[in-house]
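J.: Just so you know, the protein sequences line up as chains D and P, in that order. Taking the numbering used here, the leading residue of the first sequence gets 11, the next gets one more, and so forth. Taking the numbering used here, the leading residue of the second sequence gets 11, the next gets one more, and so forth.
Accuracy of the hints is not assured; some may be wrong.
No copy labels: a pair is met if it fits in one copy or bridges any two.
[To be verified] Here are the computed lysine-lysine pairs in the DSSO-like style, where the Cα-Cα straight-line distance is at most 27 Å:
| # | residue 1 | residue 2 |
| --- | --- | --- |
| 1 | 300 | 361 |
| 2 | 116 | 373 |
| 3 | 361 | 15 |
| 4 | 300 | 84 |
| 5 | 116 | 15 |
| 6 | 361 | 113 |
| 7 | 116 | 300 |
| 8 | 113 | 170 |
| 9 | 306 | 113 |
| 10 | 306 | 373 |
| 11 | 113 | 373 |
| 12 | 139 | 84 |
| 13 | 139 | 116 |
| 14 | 170 | 373 |
| 15 | 170 | 84 |
| 16 | 361 | 373 |
| 17 | 306 | 84 |
Rather than coming from a laboratory, the hints here were simulated on the basis of the structure.
There are 2 protein chains.
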Amino acid sequence: MASTKFEILAREEFARAGRLHLAHGTVETPVFMPVGTVGAVKTVEAAELPLWGTQILLGNTYHLYLRPGLEILKHFGGLHPFMAWDGPILTDSGGFQVFSLGKMQKLDDRGVTFRSHLNGDLVDLTPEKSAEIQQVIGSDIAMVLDECLALPSTEQALEKAVERSYTWAQRFLAVPRLSTQNIFGILQGGTSVPLRQRSLELTQSLPIDGIAIGGLSVGEPHTEMVRVLEDLAPRLPTALPHYLMGVGTPLDLLEAIRCGVDMFDCVLPTRNGRNGGFFTDAGLLNIRNKVHALDKNPVDENCACPACSRYSRGYLRHLFMTREILGCRLATLHNVHYYHRLMRTARDAIKAGTFVELYRRLKPQFAVGYGRSASQTDEADDGHTLLEREE
Amino acid sequence: MASTKFEILAREEFARAGRLHLAHGTVETPVFMPVGTVGAVKTVEAAELPLWGTQILLGNTYHLYLRPGLEILKHFGGLHPFMAWDGPILTDSGGFQVFSLGKMQKLDDRGVTFRSHLNGDLVDLTPEKSAEIQQVIGSDIAMVLDECLALPSTEQALEKAVERSYTWAQRFLAVPRLSTQNIFGILQGGTSVPLRQRSLELTQSLPIDGIAIGGLSVGEPHTEMVRVLEDLAPRLPTALPHYLMGVGTPLDLLEAIRCGVDMFDCVLPTRNGRNGGFFTDAGLLNIRNKVHALDKNPVDENCACPACSRYSRGYLRHLFMTREILGCRLATLHNVHYYHRLMRTARDAIKAGTFVELYRRLKPQFAVGYGRSASQTDEADDGHTLLEREE
């Protein structure tokens with residue numbers, strides 16, 4: 011049912027360049043979606059983001075359900091008018107934050123009961139409830155509710171999560187849908203190839219508009235994640251867009267595009283930005299480092315973002331040393347632009363048939379700069395590993 | 011000596027509309043200067059500010075001396091290139107923060123010794139040192155070092171501060187000056203009319219380019235401040251620009267313009283902005299108030315700032331309830347724009363000969379909205395009264 015919504019413009023091995031037509035606009039893939047947790051990409055107006063390459067935002071169902079909540083979202087006619095963003099929005103199901111942020115009270119086949127991380131209120135999330143919330147939000151793409159486990163987990167727990175995610179997806183899809191909303195299914199199965207294949211088989215049988223790979227970048231080594239993606243690459247349904255959830259570093263994205271992934275979201279650029287980390291081809295530059303104090307050069311002389319086009323490393327360092335919010339904003343703009351530039355470079359290469367060449371050129375430097383796992387590059391933000399994925 | 015630098019274009023009673031020609035550009039007066047404490051107006055790039063009316067920024071010598079410090083400022087060639095702002099900058103002398111923020115160790119005729127509020131280092135500030143720091147900063151307007159007392163203070167202490175400020179000003183002015191830098195003298199004397207007149211007499215005898223009124227809005231009632239300004243109005247040298255330091259609410263500014271003041275700086279718009287206070291003609295609107303939760307209207311439908319032109323009160327409230335930095339930024343832009351609009355309205359009225367009419371129209375509503383003192387309107391920020399004046 012999605013073939014008319016997702017056009018593939020070019021392929022190179024498993025990598026694809028495409029166009030995803032959504033109610034609020036068309037998205038060129040591969041695409042990176044900045045995370046706008048509660049209706050704002052931290053420090054930045056949504057209206058500014060397209061200048062730096064943003065085509066589609068991610069909103070977090072869990073956070074939006076708690077604040078502003080359904081009453082306010084309904085009153086304003088959904089998240090688009092509420093936050094004054096008329097481009098596409100993808101929402102997650104809320105499940106990920108329940109597993110990572112909420113104090114889970116009960117998890118069974120019916121759904122999840124948890125305590126709000128804000129005030130301890132007892133809240134209930136079921137597949138039907140997640141579908142309802144995402145309809146009120148009015149996202150262009152809704153995600154089914156899945157059970158996402160941190161890794162390592164036992165084979166038994168992973169298998170149970172695959173089966174439960176499937177029955178939850180069926181119930182989610184049984185809710186009468188909005189004509190303007192696409193629904194993506196989600197693969198689970200950890201780093202087990204047989205479980206991933208089983209999850210793919212189940213998920214493919216559902217009437218979905220796209221397929222997401224969940225449960226990665228949740229504690230496993232980068233090479234394990236790549237092994238899973240490589241196994242999935244020839245098996246994923248080619249007509250559907252492929253979305254790798256919550257991933258990752260520039261190295262992760264490069265590998266995933268090679269394996270046919272079209273869509274990404276991750277907090278790394280925004281969260282690292284707020285902590286003084288600037289993404290560059292050579293790795294994450296910590297602007298707080300004393301070596302930058304007298305440096306009149308920009309972070310990246312080839313970058314057109316406000317931070318690089320107007321300010322020296324010395325000034326940017328000063329902003330972080332004096333805890334000026336402006337530093338967080340400038341680094342966020344730089345990092346979001348960096349991720350979008352990387353996606354555009356990949357898109358252009360796939361269209362030109364030079365992606366493999368690009369991959370071979372970038373991989374060695376990315377491996378030096380980003381060879382450690384995503385959570386490890388996020389030095390200043392030391393939450394639970396799962397927290398690294400979404401704000 | 012300043013007559014060629016400051017042009018008066020129109021007068022109405024004591025109110026004046028003028029033009030101040032500085033090394034980095036011309037400033038239309040009456041003017042409000044946003045406070046860019048350590049080389050940034052909090053949450054905003056300097057490059058954005060002229061869009062919302064900013065002509066000249068204020069930098070804080072005390073803060074800049076501690077961070078980034080003279081070595082870095084010298085290396086970058088001053089504050090203008092360091093922060094990439096090529097418009098005019100006024101710097102205070104550093105004295106105010108020494109009295110309010112630093113742990114003062116010793117104050118005598120020589121100068122002030124204090125402990126840094128950042129790390130406890132023992133630091134020394136003399137008139138000569140203040141002149142040197144401001145030359146390294148390279149501001150268009152430097153302020154002499156003065157002794158600023160909180161009110162109430164004893165007549166004796168106020169008198170001593172007037173005399174000491176005069177001798178400090180003489181020493182400050184004896185330092186060989188930059189050809190690109192104007193130097194303003196500062197009146198002290200609390201709310202004592204005779205002391206203010208004595209301070210004016212002393213200050214006028216100095217080779218200064220402008221005259222500042224210090225030591226107001228430091229604890230005294232609004233009406234007391236207006237009484238001092240009204241007494242000074244016919245006495246201030248007409249050829250020099252008049253700058254009221256660290257003041258104040260829209261009501262304060264309206265009264266001061268009526269008394270011939272040309273220049274203002276204050277943290278109220280930026281600090282209140284970061285705490286969810288939006289300035290309006292009807293008073294400070296606390297966006298956190300529940301009454302705004304479902305409100306689809308902008309804060310001010312006649313305001314062109316990003317907050318008012320794009321967002322509802324409901325969304326702005328949500329940003330503050332969820333502690334999104336974007337809320338601080340939007341409120342800052344609104345408030346800075348509000349202050350600049352007020353100045354432009356006053357300028358235009360003085361040129362049109364309708365300022366008294368404007369004054370009579372605005373004063374009653376400002377008296378309702380801002381009748382309390384500046385520090386009292388700053389509800390969410392409960393520092394020492396002196397701290398209300400500068401960041």
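J.: With reference to the structure, classify each hint as holding or not holding.
T.: Tested hints:
1. 300 / 361: neither (42 Å within a copy, 52 Å between copies)
2. 116 / 373: For residue 116 and residue 373, neither the intra-copy (43 Å) nor the inter-copy (61 Å) Cα distance is at most 27 Å.
3. 361 / 15: Within. Shortest intra-copy distance 19 Å satisfies the 27 Å Cα cut-off; inter-copy 61 Å does not.
4. 300 / 84: Answer is between; shortest inter-copy Cα gap is 17 Å, intra-copy 49 Å.
5. 116 / 15: neither (38 Å within a copy, 74 Å between copies)
6. 361 / 113: neither (46 Å within a copy, 64 Å between copies)
7. 116 / 300: This pair counts as neither: shortest intra-copy Cα distance 48 Å, inter-copy 33 Å.
8. 113 / 170: within (21 Å within a copy, 63 Å between copies)
9. 306 / 113: Answer is neither: 47 Å inside a copy and 34 Å across each miss the 27 Å cutoff.
10. 306 / 373: Neither: 29 Å inside a chain and 49 Å across chains, both beyond 27 Å.
11. 113 / 373: Neither way: residue 113 and residue 373 sit 39 Å apart in one copy and 54 Å across, limit 27 Å.
12. 139 / 84: Classified as within: same-chain Cα gap 15 Å, cross-chain 61 Å, threshold 27 Å.
13. 139 / 116: Classified as within; 16 Å inside a copy, 66 Å across copies.
14. 170 / 373: neither (36 Å within a copy, 71 Å between copies)
15. 170 / 84: neither (35 Å within a copy, 64 Å between copies)
16. 361 / 373: within (19 Å within a copy, 65 Å between copies)
17. 306 / 84: between (50 Å within a copy, 12 Å between copies)
Against the hints set out earlier in the document, violations occur for numbers 1, 2, 5, 6, 7, 9, 10, 11, 14, 15.
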